Amino acid sequence: MKLEPYPPPAMDRSIIHLNVADFAVAVERCIEPRLRERPVIVAPAGAARAVVYDMSEEAFRAGVQKGMAVGRARRLCRDATVLSPHPDRYQRAMAALLRHALPFSPRIEPGDADGHLFVDVTGTGRLLGPPVDVAWRLHRQVRRDLGLNPIWALAPNKLVAKVASRLVKPSGEYIVGAGEEAPFLAPLPVALLPGLERDDLARLFELNLRRVAQVAALSPRQLEVPFGRRAGFVHETVHGIDTTQVLAVGEKPPAVVLDHVFDTDAHADPVLEAVLYRLVEQAGVELRRRRRAARRLVLVLDHSDGLRRVRQMRADPATANDLALFALARRVLALAWTRRVRVRRLRLICGGLVFPPAQLSLFASERGEDRRRENLVAAIDRIRQRFGDAAVQVGRTFQVAMPCGS
Amino acid sequence: MAALSSRKVQAGAGTCRIRIGTSGYSYAEWTAAGFYPPGTGSQRMLPLYTQRFGVTELNYTWYQMPKADAVARMAAKVPVDFAFAAKLTRTLTHEVDPNAWRAQVAQYRDGIAPLRQSGQLLAVLAQWPPFFERTPANRRYLAELLDALEGLPVAVEFRHASWAVDRVFAELERRRVTLAAVDLPPLPGLFPALDVVTNPALFYVRFHGRNARGWGSGHMQQQFDYDYSAAELAQWADQRIVPMARRVAAGAVFFNNHVRAQAPRNAETLVGLLAARGLKQFARNLSKRF
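Chains as they are written, first to last, in numbering that gives the first Met the number 0: chain W, 0 to 405; chain E, 0 to 289.
No wet-lab data here; the hints were simulated from the structure.
The reader is advised that the hints may include incorrect statements.
To spell it out: a stretch of chain E is covered by chain W in this simulated footprint if at least three of its residues, at any positions, have a beta carbon under 8 Å from a beta carbon of chain W; those stretches are [said to hold, decoys possible]:
no.: 1; stretch: 21-34
no.: 2; stretch: 40-46
No more than 25 Å apart at the CA atoms, straight line, and that leaves these computed lysine to any residue pairs for SDA-like [unchecked claim]:
no.: 3; chain 1: W; residue 1: K168; chain 2: E; residue 2: Y59
no.: 4; chain 1: E; residue 1: K66; chain 2: W; residue 2: K65
no.: 5; chain 1: W; residue 1: K65; chain 2: W; residue 2: R98
None of these values were measured; they are calculated from a predicted model.
Each residue gets a CB set at the ideal place from its N, CA and C atoms; glycine is no exception.
Produce the entire structure from the sequences given, and follow the hints as far as they go.
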């Protein structure tokens with residue numbers, strides 16, 4: 000595999016990352032100040048097997064973790080106040096955070112009601128002052144007006160800014176200058192790098208590579224052995240290279256769009272599902288390459304008679320896993336294909352792209368299923384990286400002649 | 000104009016080794032303003048800066064606690080005779096947590112240790128905000144902080160006029176802590192421009208500009224937007240810098256009016272004015288241009 004040289008950026012970028020740690024707890028504490036300094040657990044009320052949605056630093060120190068059964072969390076932290084999640088409050092707080100950042104940049108990319116916000120202040124120095132001062136002022140204003148105390152980090156790209164803010168949790172700041180990306184990352188554990196998935200980490204650990212510096216010492220060609228086509232991505236990541244842009248305010252995040260036009264208009268479930276699965280597989284590969292997960296799936300069906308049906312569903316949690324995406328896509332297909340008319344074209348849109356969520360499934364059984372799905376997809380990816388796309392196929396895709404016309 | 004004359008200073012001042020520089024060096028707008036060559040990225044700014052000046056003030060240490068490994072990498076990029084003044088972190092001067100500050104002093108010491116070890120730490124600047132008045136509580140905190148910073152070459156800069164009293168100067172002199180001389184807009188309540196020497200080892204001057212309208216804006220681009228005239232700088236040289244240089248072994252002068260690269264331009268003007276008065280700037284080859 001030949002790796003392209005990294006294009007040098009036109010100018011040094013200055014990316015601010017704001018991160019309100021334990022966002023749900025932080026918002027609840029703004030509303031009820033008596034919760035400050037006390038351990039707090041946010042978890043659904045009434046559900047027999049509910050798990051922890053978020054927790055305060057005090058509860059975390061007592062051993063409580065996200066995804067833990069509430070009963071166990073209560074035993075570990077007996078004096079914790081347990082609150083039900085209020086997603087509407089978190090959405091409003093996120094909107095307020097965004098409003099505070101608006102005067103500083105046209106490029107602001109908020110997370111999904113999770114207290115994360117990227118602000119690109121590149122080239123604003125003459126107007127607004129040094130980026131580090133902008134970051135500090137923004138933090139100060141958010142703290143004063145909203146009562147939230149976000150971590151802030153300033154770095155030349157999103158990847159490094161995100162890692163930097165992870166280092167100072169639950170509060171603080173971190174500045175990484177241009178040219179400091181690689182030395183900054185070098186001593187850190189590889190598990191801190193966004194975009195390296197569980198399977199990537201397992202392969203690194205098998206090779207006893209646990210620090211970024213150890214992986215960064217390997218050439219792209221050496222990284223091809225464990226990572227195949229992902230070697231370039233891994234190499235960039237451990238060197239702190241990330242050229243992804245901060246989206247403009249209001250700009251819809253890029254979606255993964257895939258089409259299939261049937262040679263003969265389709266009218267049978269197995270054929271449509273076979274094509275749909277192939278589209279989902281391709282979308283999954285692209286999502287994982289971009290280090291994103293889809294929050295929304297949209298299906299567009301064009302019928303033989305010219306009528307178009309569009310249906311969508313939300314993926315909760317956001318996912319880039321083929322099997323989870325396909326389960327959802329089948330449900331959307333059931334909503335969209337209600338007419339007894341042949342289908343000419345099928346379009347799959349994976350939208351609402353976000354960083355893969357750290358949030359675990361609420362139920363233990365779902366977590367086990369998630370893991371099995373991840374392992375299966377990772378195994379298929381590995382086989383295809385080594386032997387090509389046609390080396391392994393899911394049975395249902397034999398229903399239709401491929402490749403897709405996408 | 001007398002202030003612009005190139006008269007020689009009295010014997011004694013010429014032995015003072017003065018370093019002149021700017022508060023920070025990494026400003027993208029300095030490229031647009033012509034101080035750095037077109038296309039200069041921030042990685043190249045410090046090496047280029049060292050070709051023009053022998054000292055800089057580290058501003059970022061006000062925003063973030065210095066980290067030893069990053070400081071060591073920065074020090075490795077400059078000539079051995081280049082010096083740094085590091086601002087004390089804001090959590091020790093502007094946003095003090097009474098329960099945490101002692102631990103932060105220890106952290107700060109660790110962070111700047113590479114500069115001490117390499118002999119490149121000219122001063123640690125404790126700059127106080129305008130709301131830091133001379134009250135019993137603040138006096139106590141300042142004394143405790145200076146105790147905690149014992150052994151470091153500390154300079155203190157007050158913004159509030161209440162600190163401009165002889166008892167303060169005497170205490171700083173007893174501790175051998177430098178009182179920073181400041182040039183500020185002519186606004187009531189601000190610390191006056193003085194030539195008081197409290198430390199025979201170092202005097203320290205900061206030029207912030209005289210933009211009275213922008214001063215209270217809370218916006219650096221307005222607050223520090225000022226271009227000193229040669230006459231204003233010559234007056235400072237004659238009335239304060241030269242007299243201080245007669246009494247002190249070394250001096251540091253910084254320009255904080257960074258907007259549109261006015262700071263480095265004014266710094267170079269002052270270098271010429273002091274040279275004409277027999278004061279040599281320490282180390283740098285000032286004739287070098289990029």
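Practice item. Enumerate the violated hints, using their earlier numbering and listing them in ascending order. Key: 4, 5
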